[in-house]
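Assemble chain B onto chain A, guided by the hints.
These are the residues of each chain, in order.
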Amino acid sequence: MAKITDASPLAKTPAETGVLTPEEIQHVMEIPLWQVRLRLLLRGLRTNVGLFAENPIGLVGLGLILFFVLLMIAHPILMRTVWDKNIYDPVLGYDTSIDFHPSPPSATHLLGTDPLGRDILSQLMWSTRSAFFLGLMTALVTVLIATTVGAMSAYFGGIIDTLFMRLADIVIMTPLITILIVMAALFDLTIVHLAIILGLLSGFGATTIIIKSQALTVKVRAFIEAARVAGGGHAHIIIRHIVPNLMPLAFLYMMFGVTSAIFIESVLSFFGLLNIRMSWGLMIHTTEYSGYLLDMSKWWLIFPASLAITLLCAAFYLVGRAFDEIINPRLRKR
Amino acid sequence: MRRYITRRLLQNLLTLFLFLTLVYLLLDAQPGDFGNIYASDPRLTPAQRQQLRANLGLDKPVLVRYGIWLGNVVRGDFGISYSNYPRKVLDIIKERAPRTVILFISINVLAYYIGFLMGKILAWKRGSTFEYVSTIFGVTLYTIFVPWFALMMIWFFAYTLDLFPIGKFVDPIKWLNAPVDANYIFNRMLLTAFIASLIIFLWTIYARRLNPAQRRPALYSGIAVVLVAAIAYWWSTGVGGYALDIAHHLVLPIVTLATVNFAGIMLLTRNSMLETLREDYIMAARAKGLPEEVVRDKHAARNTMLPVVTSFVLAISFVLDGGIITETIFSWPGMGRTLLIAAQEQDIPMVIGALLFTGVLALLGHLFADILYAFLDPRIRYS
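These protein sequence lines map, in sequence, to chains A and B.
Under the numbering used here, think of the first position of the first sequence as 859, with each following residue one higher.
Under the numbering used here, think of the first position of the second sequence as 16, with each following residue one higher.
Take the hints with a grain of salt, since some may be wrong.
[Claimed, not checked] Lysine to any residue pairs mimicking SDA-like chemistry, simulated, CA-CA at most 20 Å apart:
#  : chain 1 : residue 1 : chain 2 : residue 2
1  : B       : Lys189    : B       : Val88
2  : B       : Lys189    : B       : Ala112
3  : A       : Lys1156   : B       : Ala258
4  : B       : Lys140    : A       : Glu1183
5  : B       : Lys140    : B       : Asn123
6  : B       : Lys75     : B       : Val88
7  : B       : Lys303    : B       : Lys313
8  : B       : Lys140    : B       : Arg301
9  : A       : Lys1077   : A       : Tyr1150
10 : B       : Lys140    : A       : Asn913
11 : B       : Lys103    : B       : Pro348
12 : A       : Lys1156   : B       : Lys183
13 : B       : Lys313    : B       : Ala258
14 : B       : Lys140    : B       : Val309
15 : A       : Lys1077   : A       : Phe1014
16 : B       : Lys303    : B       : Lys183
17 : B       : Lys183    : A       : Glu1183
18 : B       : Lys183    : B       : Ala112
19 : B       : Lys75     : B       : Gln65
20 : B       : Lys75     : B       : Lys103
21 : B       : Lys140    : B       : Gly253
22 : B       : Lys183    : A       : Tyr1147
23 : A       : Lys1156   : B       : Thr175
24 : B       : Lys140    : B       : Arg317
25 : B       : Lys140    : A       : Tyr1147
26 : B       : Lys189    : B       : Ser346
27 : B       : Lys183    : A       : Tyr1150
28 : B       : Lys75     : B       : Ala44
29 : B       : Lys313    : B       : Asn286
30 : B       : Lys313    : B       : Arg223
31 : B       : Lys140    : A       : Tyr1150
32 : A       : Lys1156   : B       : Tyr174
33 : A       : Lys1077   : A       : Ile1054
[Said to hold, decoys possible] Covered stretches of chain A, going by a simulated chain B footprint (3 or more residues, C-beta under 8 Å):
#  : segment
34 : 1027–1038
35 : 1145–1157
What the hints contain is simulated information worked out from the structure, not anything from laboratory work.
Think of the CB as a built atom: it goes at the ideal place given N, C-alpha and C, for glycine as much as any other residue.
Only chain A is shown next, with the shape it has when bound in the complex (with noise of 0.2 Å):
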């Protein structure tokens, strides 16, 4: 195996090595693929790092993402080691030693307790880690679906293009969150069932009309042409040429779906339609039903769960637009 030297030729451009001896070409060949394409991969990540750190935007998104992670973390660690398990539970947990509930904010209970006698700091941290399972797992669906799909009307066209850009046109005008709202009242609906629904509603949607119209302008270049010339099978063009060409948008949208699929989540919790054991949705609904929901001097049952629904989301957006100011050559300022 070679070993790579600062002075490969693969670190200059043909301008600086000029003709490359036979030796030199040798060499070349002899590095494995993989550490090529790893390479490839770290060049052009430093790039858009460098262009991303350039937005301060991005950042403060990162930075709130960031954060949130810290709070999921150190949940389970603060319960195993600090916190008293009978009185910090997220659900179950009972502070018999304050009077009245909700109680607040003090040295035991630094943002006070809801009207059950729930620690509401620690059920903040709890709902965390559904936040982002739900995010994640939605803008993974969608992402699969959506490219999967995009990039084969594209490739294909045809009646195939047809069914599958008639069914986003659908998906497109039904209101997600007024056929999620009934389709919670009637089912019993957790938050694995609700990450699967919104994936398939906005993968089918509005992300595969953005991928496919991507992947038309993939479809044309000439390294597909290429590709079909060597013999290439319809899968292993679709795979290896079309899909990673596609990521970059896909990612994007990936962020934003996050964004949304928090929001919807929120929203079925705060009515109240969802099974779920603790939500920041669910903490406010706790507000509304306990009658407190005007009450501002009672401020730490609302602002906390609602500051971190906004923040949360407003952090996957934020970070979704950075990515798109680097991708999107024509927001670029240069």
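Just chain B, lined up with the frame of chain A:
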């Protein structure tokens, strides 16, 4: 043009049919059915239970039931609401639909007008502090948790400042001795608003043909005359106070939802405008020495409009969803709140009726966007 609209109408009818099928299958797939609740009396013998189910038509296969149901829907028979027994579903829709439609229209008009205006200024001032502040403001509004935002609006404007009523449609105490009911007044208000906007629209078209010096004064005085006439009409009817009460209840929901929706339009217009500003004809217009405002408003902004209209199609469902949230929080008795309550109480006929209404509203919005698109972009040739 006419052929295009006809074709779109037919396509929309097909979509509506598919939507109806989807709704029926969705509701049919729920665990258990009404027959189980209806025939759950333990004193009934199995044969009697079977007879009861047969009377309800529940023993027939799904496709037959679907056919019967579709026939009834086409004839406008949605059955009787369980939770509002014995009122007919269509009756309830007729009563509450205008309240949702007025929210939907005024929110869209306000949000698009302000959003477009702000968006084009943002793009024009790219890189300034104003742009950063507005973008952060816009992103916050765009991703804010709508129920919470609505609550904050109620808390601040209705509860603390006491400027507006806290939710609901009318103030019952004021209406104790009212000579007419609220729906009569509300429908009259809608009619007035519709006629007034029609006259203003026609007047705008007329005023655009005047010479530039007369255009603005003519336009503004025309609008003022129409508004004064509308107010004078309500003054003369003697029930203007009641109309004012409804309008007073209407302000806060509209402002809340318009604020939430305007942010997305502003951000989209900004992006779209930034792309337009890179076009060669903008540089050409500047090189000709045209004033900045003319370049911005006449050359750039008008070409920015197309993607914004496209986004309207995507936004329809978003506004309808936002409508459910807003109506629920403001206790506004429109179709969104009706749907939520009906779904929670398993009132299937009402749910179907409300879903159908939502679907029709979305389709009409779609059609409107299509026609607008054809007007805005003469390059698109519709055959």
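Now for the hints, and whether the structure bears them out:
1. B:Lys189 with B:Val88: Status violated; Cα separation ~39 Å.
2. B:Lys189 with B:Ala112: Since the Cα atoms of lysine 189 (chain B) and alanine 112 (chain B) sit roughly 24 Å apart, the hinted pair is violated (cutoff 20 Å).
3. A:Lys1156 with B:Ala258: It is violated: about 36 Å lies between the C-alpha atoms, which goes past 20 Å.
4. B:Lys140 with A:Glu1183: 17 Å, holds
5. B:Lys140 with B:Asn123: 25 Å, violated
6. B:Lys75 with B:Val88: 18 Å, holds
7. B:Lys303 with B:Lys313: Distance ~14 Å between lysine 303 (chain B) and lysine 313 (chain B) Cα, so the pair holds.
8. B:Lys140 with B:Arg301: Answer holds: lysine 140 (chain B) to arginine 301 (chain B) is near 16 Å, not above 20 Å.
9. A:Lys1077 with A:Tyr1150: Status violated; Cα separation ~57 Å.
10. B:Lys140 with A:Asn913: Since the Cα atoms of lysine 140 (chain B) and asparagine 913 (chain A) sit roughly 17 Å apart, the hinted pair holds (cutoff 20 Å).
11. B:Lys103 with B:Pro348: Within the cut-off at roughly 17 Å; holds.
12. A:Lys1156 with B:Lys183: 24 Å, violated
13. B:Lys313 with B:Ala258: 40 Å, violated
14. B:Lys140 with B:Val309: 15 Å, holds
15. A:Lys1077 with A:Phe1014: It holds: about 10 Å lies between the C-alpha atoms, which stays within 20 Å.
16. B:Lys303 with B:Lys183: Measuring from Cα to Cα gives roughly 56 Å; hence the hint is violated.
17. B:Lys183 with A:Glu1183: Between lysine 183 (chain B) and glutamate 1183 (chain A) the Cα gap is close to 44 Å, so the pair fails against 20 Å, i.e. violated.
18. B:Lys183 with B:Ala112: 16 Å, holds
19. B:Lys75 with B:Gln65: Judged against 20 Å, a Cα distance of about 12 Å means the pair holds.
20. B:Lys75 with B:Lys103: Since the Cα atoms of lysine 75 (chain B) and lysine 103 (chain B) sit roughly 24 Å apart, the hinted pair is violated (cutoff 20 Å).
21. B:Lys140 with B:Gly253: Violated. Lysine 140 (chain B) to glycine 253 (chain B) sits at ~50 Å, over the 20 Å cutoff.
22. B:Lys183 with A:Tyr1147: At roughly 18 Å apart (the allowed maximum being 20 Å), tyrosine 1147 (chain A) and lysine 183 (chain B) satisfy the hint.
23. A:Lys1156 with B:Thr175: Measuring from Cα to Cα gives roughly 15 Å; hence the hint holds.
24. B:Lys140 with B:Arg317: 17 Å, holds
25. B:Lys140 with A:Tyr1147: 46 Å, violated
26. B:Lys189 with B:Ser346: Status holds; Cα separation ~18 Å.
27. B:Lys183 with A:Tyr1150: 19 Å, holds
28. B:Lys75 with B:Ala44: 15 Å, holds
29. B:Lys313 with B:Asn286: Satisfied, since the Cα-Cα distance of roughly 18 Å is no more than 20 Å.
30. B:Lys313 with B:Arg223: 14 Å, holds
31. B:Lys140 with A:Tyr1150: 43 Å, violated
32. A:Lys1156 with B:Tyr174: 15 Å, holds
33. A:Lys1077 with A:Ile1054: 30 Å, violated
34. 1027–1038: It holds: at least three residues are needed, and the segment 1027–1038 of chain A offers 10 whose Cβ sits within less than 8 Å of chain B.
35. 1145–1157: holds (count 3)
Going through the hint list in order, the structure does not satisfy hints 1, 2, 3, 5, 9, 12, 13, 16, 17, 20, 21, 25, 31, 33.
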